[in-house]
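As a plain string of letters, each chain reads:
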Amino acid sequence: MEFHIERAKVLPKSNLWSFLEGLKKISPLIAPVKRGNKTVFSEVNDISDIIINYTRTILPPKKFLVPYRRVRFTYSTDNLSFSSNFKARDQIIFGIHSCDLHGISILDSVYLKENPDPRYLEVRKKTVLIGISCMPDDYCFCLSTGTAFPDGANWDLFLTDIGADYFVSIGSPKGDELIIELKRLFRDIEREDLELYKRSTRKKKEAFKNKKLPDLERISQLIELEYESPVWDEEAKRCLSCGTCTNVCPTCFCYTSIDVPDFEGKTVKRVEFTTSCQYPYYSLVAGGHYFKPTRTARFRHRYYHKFVGYPYQIEKLGCVGCGRCSAECPAKISMVETLIRLRGTDEKEPGKAAEQTSAGRSL
Amino acid sequence: MVRIGIMGLTGCSGCQCEILNCEDAIGKLIGKVEFAYFPLAQDVNDFSEFDILFVEGSVSTNLDREKLIEGRKRSKLLVAVGTCACYGGVQSQRNDEASLDEMLKAVYGDTKLDLEVFKPMPLSDVVDVDYELPGCPLDKRQFVYTVASLLNGVEPFFPKIPVCHECKLSETDCLLLKGIPCQGPVSFSGCGAPCTASGVGCQGCRGNCDFPNFDEILSIYQDIGLSFDDSVKFLKVFRGKTISGLKVGSSNEKGA
Ligand code: SF4
Ligand code: SF4
Ligand code: SF4
Ligand code: SF4
Ligand code: SF4
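Those protein sequences? They're chains R and C, same order as listed. Residue 1 is where the first sequence starts when you use this note's numbering, and the numbers rise one by one after that. Residue 1001 is where the second sequence starts when you use this note's numbering, and the numbers rise one by one after that.
For the record, the hints were derived by calculation from the structure and aren't laboratory data. For clarity, every value in this text was computed on a predicted model and none was experimentally measured. Think of the CB as a built atom: it goes at the ideal place given N, C-alpha and C, for glycine as much as any other residue. Watch out, some of these pointers could steer you wrong.
Lysine-lysine pairs mimicking DSSO-like chemistry, simulated, CA-CA at most 27 Å apart [said to hold, decoys possible]:
(1) C/1140 / C/1160
(2) C/1076 / R/266
(3) R/266 / R/38
(4) C/1160 / R/269
(5) C/1032 / R/269
Partner residues aside, some chain R positions facing chain C, computed with beta carbon under 7 Å [as the list claims (entries may be wrong)]:
(6) 59
(7) 88
(8) 238
(9) 240
(10) 242
(11) 243
(12) 261
(13) 263
(14) 277
(15) 279
(16) 330
Pulled out of the complex, with its shape left as it was, chain R reads as follows:
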């Protein structure tokens, strides 16, 4: 589906709550809500619980596409017949930031490109994704990963805050249908709205001006060239192997699968659950051999997969700059810092003392 700017609409802010109420009448509505000091995506019963301005949720909306624990099927040991009572339901996920939409587009590539996962496909078909613009905090680096704005169109609607209104881009026929259904809440765009839209884009870019951003130029090469860099050891020393960084990541997809029998041994459940390359058992094979025997090897593996592996697999970086891995790391290890330090060992002039080039990308 192409992105036609002239088909965009304007939603006056005063109509936002009616819009949300309208969405909720159409399908179960998932949106950011408060939990303690943080925000999480959750199904909402009362739209007044919805948080419009938030920085990041603890977990990405991925959990509504691929649950962290799921029963793939059950089988009978008598006749090996398989059954599954899985059924995707219609759902609307509202309030997704641009980085997370890009995260979902990466998951789409992973799950649908080769050997499509029928279950993921079914869920995706029944899910409406509605994005919303946001401003970065100190952990965000989506400007470096090229995910600060909702390019592409794996989403259905995207609301950009332009002051008194939201500029609503339409990304798919499903998005179109929603607009038609709730027509009375929208107005057509005018020239002035386009100007405000452009200004909001500029504003987000400017917000990155004084932030530390990693330079991702030829990043795959950098990671490969710096495979033996001492930076890995130094950073990994602090790593707890707690798996938080991959568990909160919008693009990670690794899982373990086990068969759980019932008491009679007649029916067996195949259970899949999210796992992390940061756990030692992840690389453990029969005979007790660890393919990633050291903390350094595991720590480096995540970066390697994000910046070398994904590009090979799906022609996109595996990182959308959402900052969750750094914001949630109990050891306060920062992906941006690690990348900046690696760039430092890579690009320092031979013979000169190691000096970090942490200036980031100029705007």
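Since the structure of chain R is provided, determine the placement of chain C with the ligands on it from the hints.
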């Protein structure tokens, strides 16, 4: 019929109670297996032979030791249930700090005991243990899953991943980042992280995850205001034998 035994050594019986609390599972099991020995729950018991023997508690007297050795001889499989049986339990947290005499004196004064007493130890110090289900108390779901697996000749699978896994996937706001001491990153998950969800730092009641990074967790505790000694004591509460003599700098690398 498969014969199951459930016995307790030196412990609080909490794990046995927790097994009794698996009402649904026990209901389904009765008729399929025989609870041959379970003195906490029934009057008639037979200690002759078992397919699976679940043992709670640590070994701290000659009676414990004899009973355990006897049980091992009479059972095809022996499963340690709870942190006392797996690591020695809270009663062993100072094993490396005081002598047995000092301990006895502190608890019993000059009273002479008419049994042989030792520092509490895990079952594996005395006999071969087939499976360990730690936890204070053990987790009911893990018990049920283990029984179902063993009855069907399947190895139960418990990857030793950290509590942070379950904590984060439950979307609990990280306590450690808020300055509350939490042992999640160095503790064996499987409990579902109920403590962190209610705002209490993980106490490590299920023991070590694989290759715990004690150096880093100790330095984090000190950053948030605990003294080094208190940090070490905090880590030692439930880890018993698996952490005794903890020294900084010794926990790194080698598979770590
Ligand atoms: S969140 Fe931090 S400490 Fe935990 S595994 Fe990732 S980098 Fe290591
Ligand atoms: S690697 Fe970190 S910053 Fe990148 S997408 Fe994953 S959680 Fe976000
Ligand atoms: S290998 Fe690690 S970084 Fe890559 S998807 Fe799996 S968990 Fe995420
Ligand atoms: S609260 Fe504890 S268990 Fe949870 S993520 Fe933080 S350190 Fe890990
Ligand atoms: S969170 Fe920690 S202390 Fe609480 S039950 Fe789990 S392992 Fe035990």
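**Q.** Per-residue hint verdict: residue 238 of chain R, partner chain C, C-beta under 7 Å
**A.** Status holds, d = 5 Å.
Q.
Tell me if the straight-line CA distance from residue 1160 of chain C to residue 269 of chain R falls inside 27 Å.
A. Holds, at roughly 21 Å.
(Q) Using the nearest Cβ pair, does residue 88 of chain R come within less than 7 Å of chain C? (A) Since the shortest Cβ distance to chain C is 21 Å, the answer is violated.
Q.
What's the verdict on residue 1140 of chain C and residue 1160 of chain C, does the C-alpha distance respect the 27 Å limit or exceed it?
A. holds (17 Å)
Q: Tell me if residue 261 of chain R is really an interface residue toward chain C, meaning its C-beta lies closer than 7 Å to one of theirs.
A: holds (4 Å)
Q. When the nearest CB of chain C is found for residue 330 of chain R, is that gap smaller than 7 Å?
A. holds (4 Å)
Q) Straight-line Cα separation of residue 1032 of chain C and residue 269 of chain R no greater than 27 Å? A) holds (20 Å)
Q. Does residue 266 of chain R pair with residue 38 of chain R here, judged by a C-alpha cut-off of 27 Å?
A. violated (44 Å)
Q: May I ask you to test the interface hint for residue 240 of chain R with respect to chain C, counting a Cβ-Cβ separation under 7 Å as satisfied?
A: At 4 Å from the nearest chain C Cβ, residue 240 of chain R passes the 7 Å test, so the hint holds.
**Q.** residue 279 of chain R as an interface hint toward chain C, with CB separation required under 7 Å
**A.** holds (5 Å)
**Q.** Restraint outcome when residue 263 of chain R is required to lie within 7 Å of chain C by C-beta distance
**A.** This hint holds: residue 263 of chain R lies near chain C, its Cβ roughly 5 Å from the closest one there, short of 7 Å.
Q: Classify the hint on residue 59 of chain R as holds or violated, based on whether any CB of chain C lies nearer than 7 Å to its CB.
A: holds (5 Å)
Comparing the model with each earlier hint shows violations of hints 3, 7 and 14; every other hint is respected.
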